[in-house]
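Engineer: Please put together the full structure from these sequences, using the hints given.
There are 2 protein chains.
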Amino acid sequence: MNPAYDFAAPFQDPKGSAIRELFKYLSQPGMISFAGGYPSPALFDTAGLNAAMVAVQSASAADLLQYGSTEGRPQLRAALSALLARRGIAAAPEQMLVTSGSQQGFDMLLRTLIEPGDTAIMTRPVYSAAAQGLRLAGARVVGVATDGAGIDFDELESHLAAGKPHPKFFYCVPTFANPSGDTMPLAQRQRLLELAVRHRLLIVEDDPYGQLRFSGEPLPTLFTLAQDMPGASDWVVHLSSLSKIVAPGLRIGMMLAPPEVLKRCVMAKQISDLCTSPWMQMVAEHYLNAGALERHLHVIVDAYRKRCDTLVAALREELAEAFDFSVPQGGMFIWGEWKHGVDAARVLEHAIKANVMYVPGMSFYTDRANPSALRLSFAMPTVDEIGEGVRRLRRAYESYMGAG
Amino acid sequence: MNPAYDFAAPFQDPKGSAIRELFKYLSQPGMISFAGGYPSPALFDTAGLNAAMVAVQSASAADLLQYGSTEGRPQLRAALSALLARRGIAAAPEQMLVTSGSQQGFDMLLRTLIEPGDTAIMTRPVYSAAAQGLRLAGARVVGVATDGAGIDFDELESHLAAGKPHPKFFYCVPTFANPSGDTMPLAQRQRLLELAVRHRLLIVEDDPYGQLRFSGEPLPTLFTLAQDMPGASDWVVHLSSLSKIVAPGLRIGMMLAPPEVLKRCVMAKQISDLCTSPWMQMVAEHYLNAGALERHLHVIVDAYRKRCDTLVAALREELAEAFDFSVPQGGMFIWGEWKHGVDAARVLEHAIKANVMYVPGMSFYTDRANPSALRLSFAMPTVDEIGEGVRRLRRAYESYMGAG
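In the order they appear, the protein sequences are chains A and B. Quick note on my numbering: the first sequence kicks off at 101 and runs consecutively. Quick note on my numbering: the second sequence kicks off at 101 and runs consecutively.
Rather than coming from a laboratory, the hints here were simulated on the basis of the structure. Please read all numbers here as calculations on a predicted model, not as lab measurements. Certain hints may be false.
Because identical chains cannot be distinguished in the list, a pair is counted as satisfied if it fits within a single copy or across any two copies.
Calculated pairs, DSS-like style, for lysine-lysine (alpha carbon to alpha carbon, straight line, at most 30 angstroms) [as the list claims (entries may be wrong)]: (1) 264 to 115; (2) 363 to 115; (3) 124 to 363; (4) 124 to 439; (5) 115 to 439; (6) 124 to 453; (7) 406 to 453; (8) 453 to 439; (9) 363 to 264.
Structural biologist: Structure follows, in structure tokens:
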């Protein structure tokens, strides 16, 4: 008999992550996976990080091993501030909270803003762990369609015109989004900020992929644009991370937020984990201050560009009649859909038999799901694996069509 | 004008921590502080930790730098399981969640159990960051008195007899408590577990100090005792940490919990920070597996014993007429009160002028506070500083009495 624990409502009968359910197939021998959302460990700058690790060995025990300040080490915040400045993001260290990955930044916003029954707006499709966070905080999530042309402002404005309940925030990944790969055009960024000011709508800009650009011109972040629009900087929270440009194992992210929001997120982090590991903060700060990121980042970007180009070419070669997709200008993901209303979860069953994997789009919807959609990550497989993986995808698709 | 953010109710006008307000005085030249809750960095095993850091340099990038599993590395969970086993705590790695300090373990319980308006029971006095966590989760906290003789069962049973609302859990630090230094006697531990089973009351046993014993015989943890009492193991969550026995900078803690609780806490951690740094996990696992903790722990325990003895002797010498306190058998804290109803916050003003600090007890109460109480930590000051610090305390007390 199961003891009758009295869990909070969202945890009483929680749904696990469908993506995590796929993990078990990853260990299938010879599997080629487009499913992961992880960066490629083969591209990590292990030499640069080892040098940073050696450099911190001479630090004092009180700096390295003691509790640190909840806000994060001033030296790391200065290094991150310099990193952001090189991308045109002007943020003083005092505007920044060091977080244990950008996931924790989002979580601090959930803690300080969301009560059960509150509403928040997210793009459709959306990063699944953010949507899951909102669900488990007891929030109602409403979606706003997004595609290669940007977000659907009619839908967004209709949510806002509805008035009550006032949504607590709008969450988006404006640059090389997970899962869609899309980048919000400049005019839309401006319009979104105008809407934020008019409706007193907090915009959560999650930007873990912004530095992974293969093609096209860099666009200013919402955070940057907001500095030049009266009142807008009060309504933008910017989340970022070293996970995709250095390594996730550091668990170093950052939040830029207006003072009243930042102050409360510091309190939320205080009760969450007191501080992010000072040891890892020092490694990150040595790595950044040594200029290692500037020296290494192009290695990651060049590899992802090549993998993306290979995947695009292979999809056009092998699946032109079966699969529609858009080509991203950066990041780690291609989003697309099987034509003719073919169901992505059902094709996946055939794909797993053919030793290739992707994530069905259903995992990335909070409403109005497109069952034909799917996400392909090109970050992990090599160029050779990508070619073979797409040939397997075609066989899986044909097998599904034949079986159907 | 302040933008009208719509924060969650507990964050609308949150009270900062009174303890953190004291931080600014720590940098006063020559200050002797009994105020901190931090372990002494001079006692950290920097050689052992450096060896562990060097050892992990040969690890693969995928192990060290990639995202890890939310549950924690199996190798670290095995090492922690062995560490617990040496203390008589039999817990399989599958019963364990690696957390970013024991603070995060408590936070995962808040996430999965507490909704605004819920009730939880804590000892009075209680660890302030746990109480703050409950407040910021919107919970109502009810206290149960605790002193050298243990917890007040009449008060606890009266809360439980009240029935509705059923308290979500009872939080305590049964061994060398923060702030009281008290250890719950064996008979009380048994009785608490019987109560837990009878009332279906989850017991949260926070045990960061359990290995810091100077005197007396080790007592079994609530987790251990529950294994031998029918039904009891369903109602005990055990939180622990390497922060006080290795170093806080690792940010490595652990939770042992019944399966249904653990499963949900894993989901809560997933949305909180995805995983604890695998790099720090590997350092911890190398440190533990090398036997370094066994070799070094006595250095910490011996130093704390000596500091505690020194503080006890000095308090008896200098402040016998003014200050009542109990002598702990381990941990980092002495709890006491000024006699004659003297206010601890007001004496502190004189103490800061005399260049010595402590934490007024008010920070550790959620109800029915004793304004004369205060906490002295002996972990950080050296033996010489302790003697001088207590002489300053006496001068501060005399100055207060003279001024009053």
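Engineer: Check each numbered hint against the structure and report the violated ones by number, ascending.
Structural biologist: No hint contradicted; all consistent.
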